[in-house]
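If you're matching them up, the sequences are chains X, G and H in order. Once you know that position 110 of the first sequence is 110 in my numbering, the rest is easy, because the numbers rise by one and skip nothing. Each position in the second sequence, counted from 1, maps to that position plus 1000 in my numbering. Each position in the third sequence, counted from 1, maps to that position plus 2000 in my numbering.
These are calculated hints, taken from the structure and not from any lab test. Small disclaimer: the values here were computed from a predicted structure and weren't measured. Be a bit skeptical, because a hint or two may be false.
[Unchecked claim] Lysine to aspartate or glutamate pairs mimicking DMTMM-like chemistry, simulated, CA-CA at most 25 Å apart:
| id | chain 1 | residue 1 | chain 2 | residue 2 |
| --- | --- | --- | --- | --- |
| 1 | G | K1107 | H | E2131 |
| 2 | G | K1049 | H | E2131 |
| 3 | G | K1049 | H | D2153 |
| 4 | H | K2130 | H | D2153 |
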Amino acid sequence: MKKLATEEREGMSLIVGTVTHWVCAFIVLFGLYIVAYGHLTPGGGFAGGVILACGFILLMLAFGRKRLAAILPLSRASALDCIGALAFWVLATAGILFGGGVFFRNFLPLGKRLRLWSAGIIPLCNVAIALKVCASLVLVLVALSVLRVKAGGTDEDFITDIEEK
Amino acid sequence: MVYLLCLIVFSIGIYGVLTQRNLIKIILSLAVAESAVNIFLVLLGYRTKGIAPIDDGTAANFAGAAVDPLPQAMVLTAIVIGLGVLALSMVIAIRLYHRYGTYDITKIRKLRG
Amino acid sequence: MLMNLIVVLLMFVAIGAVIAIWTRDLLSALIAIGVVGFTRTVVFVLLRAPDVAITQVVVEVLLLIILIRSAVRREVHTVEAGRNAPGMAVAAAFVVVMLVLGVIAIRELAPFGQPLEVRAGDAPSMTYIKEGKNQTGCGNIVTAVLLDYRGYDTLGEATVLFTAVVGAVVLLRRKSRKSADEAAAPEPAAEAGPAIDPDGDQNLRIEQEETE
């Protein structure tokens, strides 16, 4: 009997599921905090985006892929990825239009020191980068986990049901 | 010295890339070499008895005591790019495993069209 | 004192690296890579780099998840060993030559604890530290450097991550004859890739690095 190497398990045990129920929201909240205060405390867009992705991936690992697809299907993750990258580029190019002709000019007002709404375009850049990083990493891990592998097969044996929503 | 140890870890990684036969081990050796380089870059920027480069107005002599922020920014970039490259390498390794049934690079010689 | 601590931690990294590369069991190798990553986090915290430490620890966790998910399967857990004596001798000679040249180069470096900004007063880092808060309004100088002074590098990094993820997703799709239904969501993502960066040669360089 030839078993497929990676079967899709429908999640893990009850203990993992219960703890995930409590912890997942905190992880996402912590990620949002790291992104939002990236210009005042250590953190920033990249670390916060990876933490957000870890929150969603915990949901997928504990409850199976279908539970994640109810919140964040692949098409939406891919669209958010593109939106994040495009937003970052739009913010950079807006420096040309509003800032006086220099790419990446910090054109929004600098605001009061050390408040949340300060430092020009830097918080907005952090949000765009976090969106992009989170969606990218969720996309890669969901694509890896829908894989059903058979060793030594040709391309016709290679099955992915990555199109399902 | 600490720089010498970083160089030794980097050499271990390079030796692994050159001599290992298993594809996964080659990818792991690449990760080890990249780790050594990142540590080396942050070591270059350290100031003796320095403080972290977060200026919130409470440090008395910030400009005289902060460590160098430029290598840290570069290393942040390098860590995230390393994640992306390693993920893509693992996906390529998976596809090779489908095609040839093994991870051994001495058997993955025939390029089938 | 700090240097001794970092030397001990780097020895841990070296031992972890040796175990990761030369063990037979694949799962042990991945756990050793995890050890290397978490020791790096401690080293970054000791070197007063909290931003880098936060990023390193979460990236290490995610990397372990990706590696274990893709590499550890029920059939293949051990690694075939083989000896290739001439190849190993050449590789060892190359590494020894590189080590000797590296030791000669390390003597030219400044002693540990004196970065460029101390030795040369008009280094860019001094400008970033002195004027950073006034010019950008950011408390976190590392974020200010990443997003304001060196914004191009962050744009390049976003492009590299985007390309890597699009490449990974495209590689994991079924290569089928009917391509009409396959034009699902990642296809517009592949279109949007070159449209993002205004100077097109950045994408070319990045893709060359990843196909080799």
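Status of the hints after comparison with the structure:
1. G:K1107 with H:E2131: Not satisfied, since the Cα-Cα distance of roughly 58 Å exceeds 25 Å.
2. G:K1049 with H:E2131: Roughly 22 Å between the alpha carbons, so the hint for K1049 (chain G) and E2131 (chain H) holds.
3. G:K1049 with H:D2153: Violated: K1049 (chain G) and D2153 (chain H) sit about 29 Å apart, past 25 Å.
4. H:K2130 with H:D2153: Distance ~22 Å between K2130 (chain H) and D2153 (chain H) Cα, so the pair holds.
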